[in-house]
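Enquirer: Since the structure of chain A is already known, use the hints to place chains B, C and D with the ligands on it.
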Amino acid sequence: MAKRAFPYIPNSVEEIKAELLEDIGISDVEDIFKEIPDHLRFDGKLNIPEPKLSEYELKKHVERILSKNKSAQDNLNFKGGGVWQHYVPSVCRTIAGRDEFLTAYVGDAYADHGKFQALFETASMIGELVEMDAVNTPTYDWSNAIVRSIRMAARINGRKEVLIPASMSPSRKKVVLNYCKPDIKVTEIDFDQETALIELDDLKAKLSEKVSSVYIENPNYLGYLELEAEKIGELAHQYGAEFIVGVDPSSLGVLEAPANYGADIVCGELQPFGLNMKWGGALSGFIASPDEEKYVGEYPSLLFGITPTVEEGEYGFGHVAFERTSYAQREKGKDFIGTSTALYGIIAGVYLALIGPKGLIELGEGIMQRCEYAKEKFAELEGVSIPIQTPSFKEFVVDFSGCSKSVKEINQLLEEENIFGGIELGEKMEEYQNCALFCFTEVHDRYDINKLINSIEMIIEKY
Amino acid sequence: MAKRAFPYIPNSVEEIKAELLEDIGISDVEDIFKEIPDHLRFDGKLNIPEPKLSEYELKKHVERILSKNKSAQDNLNFKGGGVWQHYVPSVCRTIAGRDEFLTAYVGDAYADHGKFQALFETASMIGELVEMDAVNTPTYDWSNAIVRSIRMAARINGRKEVLIPASMSPSRKKVVLNYCKPDIKVTEIDFDQETALIELDDLKAKLSEKVSSVYIENPNYLGYLELEAEKIGELAHQYGAEFIVGVDPSSLGVLEAPANYGADIVCGELQPFGLNMKWGGALSGFIASPDEEKYVGEYPSLLFGITPTVEEGEYGFGHVAFERTSYAQREKGKDFIGTSTALYGIIAGVYLALIGPKGLIELGEGIMQRCEYAKEKFAELEGVSIPIQTPSFKEFVVDFSGCSKSVKEINQLLEEENIFGGIELGEKMEEYQNCALFCFTEVHDRYDINKLINSIEMIIEKY
Amino acid sequence: MGKTIFRENFHQADWDEPIIYEMSTPGVRGILVPEPDQKIKDRAGDVLAKIPASLRRKEEPNLPEVSQKHVLMHWTHLAQETMGSNLTNDISEGTCTMKYNPRINEELVENTDFSLLHPEQSEETVQGILEIYSEFENIVKEVSGLDKATLQPGGGNHAVYTAASIVRKYWEEKGELEQRDEIITTIFSHPCDAATPKTAGFKVITLQPDEQGLPDIEALKEAVSERTAAIFMTNPEDIGLYNPKVDKFVEIVHEVGGLCFYDQANANAFLGVARAKEAGFDMCHFNVHKTFGTPHGGSGPGNGAFCCKQKLAKYLPVPTVEHDGDKYYPDYDRPHSIGKVRDFYGTAGVIVRAYAWVMAMGEEGLRETADISVINNNYLYRNLVEEVKGLSYCYPDNGLIRQEQVRYTWKELTDDTGVDTLAIERRIADYGIQHYWTSHEPWLIPEPMTLEPCESYSKDDLDEYIKVLKRIAEEAYQDPEMVKNAPHKAASRKRKDDNMLDDPERWALTWRAYQKKKDKIHAD
Amino acid sequence: MGKTIFRENFHQADWDEPIIYEMSTPGVRGILVPEPDQKIKDRAGDVLAKIPASLRRKEEPNLPEVSQKHVLMHWTHLAQETMGSNLTNDISEGTCTMKYNPRINEELVENTDFSLLHPEQSEETVQGILEIYSEFENIVKEVSGLDKATLQPGGGNHAVYTAASIVRKYWEEKGELEQRDEIITTIFSHPCDAATPKTAGFKVITLQPDEQGLPDIEALKEAVSERTAAIFMTNPEDIGLYNPKVDKFVEIVHEVGGLCFYDQANANAFLGVARAKEAGFDMCHFNVHKTFGTPHGGSGPGNGAFCCKQKLAKYLPVPTVEHDGDKYYPDYDRPHSIGKVRDFYGTAGVIVRAYAWVMAMGEEGLRETADISVINNNYLYRNLVEEVKGLSYCYPDNGLIRQEQVRYTWKELTDDTGVDTLAIERRIADYGIQHYWTSHEPWLIPEPMTLEPCESYSKDDLDEYIKVLKRIAEEAYQDPEMVKNAPHKAASRKRKDDNMLDDPERWALTWRAYQKKKDKIHAD
Ligand SMILES: Cc1ncc(COP(=O)(O)O)c(C=O)c1O
Ligand SMILES: Cc1ncc(COP(=O)(O)O)c(C=O)c1O
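Chains as they are written, first to last, in full-length UniProt numbering: chain A, 1 to 463; chain B, 1 to 463; chain C, 1 to 524; chain D, 1 to 524.
Everything labelled a hint here was simulated from the structure, so no lab data went into it. Be a bit skeptical, because a hint or two may be false.
Stated by the list, open to error - Calculated cross-link-like contacts (lysine to any residue; reagent style SDA-like; alpha-carbon spacing at most 25 Å):
hint	chain 1	residue 1	chain 2	residue 2
1	B	K231	C	S54
2	A	K34	D	E226
3	A	K60	C	S54
4	C	K148	B	E19
5	A	K60	A	L20
6	B	K60	D	E107
7	C	K470	B	E19
The following block holds chain A by itself, in its conformation from the complex (with noise of 0.2 Å):
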């Protein structure tokens, strides 16, 4: 067979290359690659994989690959910790499927009136969430709102140092430590293995003049709820500290929005709002501010604004304060931006307009109460435990010491019941040897919950 042109490259079949060159006036390529010096030149042919050129071998092919994994769609998964199994509507991925969305870039609010409009719009609903009037498109992720925030916050009250809890995301950790380098000090405060809350006493001891914002997670990293959350507000403030609180936007439905104890800035992550887990690929972070120039001036991200046209009536759409970016200025702009994660952003959108004010009630209470039934059948089982008894949302600690089996050996047990079981924690925080981090949410019914049971309660008894 004759060589077949690529479906890709509609100008790679033969007669029309020739067609160009002679138009170009050359006759190969070559004439224009020697503006590469030879010794710069690639000399050979690259080293990848023999192709699959029909589409139909190709899905074969990645298809045969990804299933060597094992998914949620067979397995139930009980791991959150960042990244938390939610049903994501088939409107959601309709929308997000669209060519029109998906394949846009950086086109003006004319011909891309629509992904203006749409990211205004998530704009718009994650500030009624947070009760905040500015909101930003979608960073990277949840971690990198948290970094910029604190670096926003940095340049409002120019001090170099913020306070962080110790008991937050040590992965998200791990990007704020980086991200903070070299001019802002991370502190750690500590919290109470019991309660796994924020140490009021030494977030006292830690704060000073010098301290330019207090950040923390209301749910934590383990799922409870920061009860003292408005009086660390209130001391920040004290001190002249930007009050930082990171959310996991599904809760509030239930929970309060942090504007209204006391945060100046809020952020947090939109996956739970119509984004499938993805192996944690499909993170997309916002942050939110008062409406007042002070943070609007200091956001790095894009900023999407409602604004009129010259046609009476029409809502047009357009960039807010860009000369603040690193687009327009950049080493002098405000930290950096790039390609983030629209689509994230408006398929988030579109989530919170399909769930609604009522629905999101009724996600966050049915969420907390799968909770306190899987407590309480945990409680039940010989040797495991609920050490910490702090009202949380999504997420609780189990504790395993009293087993003979350790959480791995647990949660590979599991796994051979087709479950995929709690976080092991004792790798990532000293503090909760023998636990798991446990996710309950709405795909969650009493019969994935008494498997789990029943199936831990056998792996415990039997071995």
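Expert: Just chains B, C and D with the ligands now, with coordinates in the frame of chain A:
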């Protein structure tokens, strides 16, 4: 929890309903339904299963039922016989899933310009494959396209008998027998069991001036090329009958366009063009003919034509000769027309544009190569033979008479190896006891074919 | 309540899109086909040489050659130039029940556990889809009150044709087919209630309405006789009036021995409210793509669920879906069957979707569907008639409350302004709304418009629709020429001359025909 | 060849769409959440009561209440009002490599074997995705010639920031960070090559171009010193010129001990042609969403594949993906690591797509990509410059052949007509083409326009683009006001006053802010 509104029924909110009723000036929906006399009212509640109100539960529920099926995703499938497993390009699925096409209906070619153009383009491409200038919008399926062609012919020449090959698909034949009633006599032409081809002598014997049309299939139900098709057409024409040819159009990259061997009307099945098998649910028939009033005036289907608009250079579209139809003329129209399979027709067009002329040729040739390879492999098996030597496309008959196992038994055992063996022919055509109809397409690679052959070999030997 | 939407600045996508053939360049590929490997090729030899010359293709088929991006782009443009009901306030397509087609159902049919089933698989391997068929049959049986169902027909017409085939078989088996050669229908019943019996070989007698607009019972009495094979009737007919004497019609036909078929294509507003059984019908059908929320696909795939009483069950097309106490199986062993109306099992994907739709609604949801449909309709019609100048509706003084839809008339406006219903129908697209359905033929009601605001539409939608028609009526009075020349903001402008499409010299059904006729088409 | 397309009658979809809040009605639901069953509720008790008052939500969050159909409709309208590159002739977005994003890859990432993986699953259960990571790392290693890769960064900026973090760590571990506080870049390198080193704490030195438009080697010589931590540079820079002395730059920096980072975001035209290795770089990155054919998502998710030489490998973020001879595993045990730049493994879906894209192309396909990209660009630029009045390009006399893109200038046209590049950029949307990319800041080239006709575009696309720009230039000369007031046929008209968006009193980032500021915004 309070009663929740139905997501598919916005006005199911009590307050809105009340507002509407108030505006109408009634207090209860019964004030509308009172037009229905009591004794005609259904007294009670419909006894149907408890709903799955959340989308998540609904999805789980239906997926659980569907998972009781075994599909060609996880099994190697070698069944054809009117529904064939071809690869469905992702672009076809994308277009099929666009809400614009998916949920359109009877709009005119202004707001539904795209739908008209899409179906016009499909007709244009089908027209090229069969080399005819008139092509309809799709019918329910090939069987329906056959009977409509037969009745078109009967209206054209006023005659009341059709000759069909006894070798045609038993299932399609059932449709023909019913649809020709009561006024068109259906006479079957014998075929030669050894060649699977129409007996020309029998055809000659049955032909007369009373015969309205002669219908053949090429390739026929068993996959064989009707070698004397041209001759058959000539004979039909000698008696003034219309020559109708039914095709699997995926063969038309390598097989001659029926118009070029004398067909007056061509019909066939679009399922091979971008439509998954869907348990036989994704069928779509087409009819083509010369662009003569005599033919065009007799189509029962909608016909979409291209036509200028008031805007210079713009392509417009509209219904051609709408007065023909039962929509326009009720019982005086040509047969009947209604919702058919437009979306499938659109997809077929997308497929044809994707695969292009060279792809269609490669598809055809590659399929024939696989079949020849498979035939050779089958012939090597003890007790298995290839009883028919006529050239074939995509399908052919395999004879298991020499084995101690029946086709049914072999198929059952193959199922355990995750293989769907050939269609058992014994029940369908008495001529082919202990035979099976095997189908090979581009989805089968050498490994697949060898696996089939090896499994059969083991089954035959083992038991 | 949201603000009333009014798309003053609307414009439909108009890509000024070429015909796909105009995008073709030789050699370009859209997708590659998997080649057989060399070993296969070697053993197979020159397969094309085995095809006799008369059957071997001599020239490459003239298909367009387009890259994958351009194929996707082209059809995406065409999609944007199409107003699917999921994107629009589609109250317009009266008699069509353009309800929301849930996206989740599309996901379900993409599941390979369904999409990759071959219809000849053994029954053991298709228990899931058989179960769904069986369950959905149970649902339509309950909704109709009848005894047995088939899901084989590909649409409403096809189901009615199935009814006609069964009627024929019934009389054939009774040996009375020669005598029983008439089927009665009414003029406001769907055209298929006349066309399909005709196709099945019956003479069709059509009853005209009485002065209330209802089927004329006196006319029926005159029409029935020992030649009556059956009556095929819709109720409510497509003007939206419920015939309160429908059971009397059935009785009268039954009295002469005829069968009674109820065209319940659009049963949406009567789910759980009124059924075929209570009215005494022997058969009925539902348009699954209307009543049960499946998408219309630009005109299919649809499905017609046909139901009948036990006495007619033996005539149903093969196979029926049965359960042997242990598992489901397709039953082909039905000697009295009419045979088949369609290959295999019908449009299975439509059934999966419909089953899911019902399971999302439940009994309460179905009833709510009915309630809101008639409430929406009454709200719309009262407000339209009150607010829109030049608009009235059929049989305004018959004292009957409208049910799920209304046939309106623009006669007054047309008389006043010269703007007819076809112009208004075109103009409505300029406000982002699908062209409305006028009426089936013949137009007994002058300048008709038929609207059906089923349960999927919000009060805001109804208000938008009212506002748009009000505006267009004003436009007709103020600037009739503008309305006559509509649409102005749709994907296509007005056709130059509709007569071309009826002229064999100037119609063109394919691009190849257009190439030949271009000169004639563009000769002015 | 197809006919040259010219969308004279184009109009983008304009639904005049309300804000979602304007479509809200209390009580309406879009989707229902699965409720826990009664037994769970009973045992759980009143969970909300356990939340302390200060943390318990007092008021329903003010989210819109919209039915499912209307949610779908709304965002579908917004989608149609967006010009994704898969739908358009998107040569416009120069520097962005808007290539075709294959639909099959979207199917692959919807596969639950990928989409439902939790990142904390045991390595045994994620061998498939680890394999794809590893394989794709091998591919970028081969394409760059470097030794080790991470796929954690979420985009190009993020990868360059990762580079800056690694440079910092490198000097920190050497104990020289205090001294090595400068990073050099060039003005035509992407803004991120300046902004991310700054964020990482470096002083940034920016080199201006020489008179050919190339990075100025003399300026570099002056800039380097014992304070030089690294150089961050793009090549070709975004004006499309290949710097033939790039290896000299590397040498000069290496001589002072500095590290060299190659911003190869858009390596498309150099796949298999030229690599970081041959030029001597220590590090580089690829924008996976550009070079490897994954969709841009309206601005992400993207991915930045970062590669480096062995000596820097120990600084890579954790985890790296390793293979122990038996199976893949994520390696967290990397004491010299900078830590993390992103949670978990990065945007895994982008990697699955990119891997599939490469596997669809193979070595020949990658090289063909490069060839056609530069051929397309040279065809486009020669014809544009010849045919379009008032258009020229940067450094026209430098004698260098353009590679994958060109920075043009409308200066002459602006001088002649007063129509500037921003007006033309708006106007192009009226022909169905995405607004083009002008230039990064600062605009060293006046009235700039940057086009990148990568391999996905056909000759017909190039010809269409030429024809459209030619037309717009003619319009500018004939009717400058019309062009200045563009767009006329896009989804939105011109903003009334761009200054509002810089005015704290009149900007509004959310609907709630807009409600408060409406009066000020609309005060004229
Ligand atoms: C009452 C009635 N019967 C039958 C039909 C025909 O249905 P289909 O279009 O599916 O053939 C329709 C649809 O228009 C209808 O409204
Ligand atoms: C050369 C170059 N470097 C870096 C980037 C930044 O990439 P991203 O937008 O993914 O942050 C871009 C993209 O515009 C680029 O063109």
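Enquirer: Hint by hint, which ones does the structure fall short of?
Expert: The structure conflicts with hints 2, 3, 4, 5, although it agrees with all the remaining ones.
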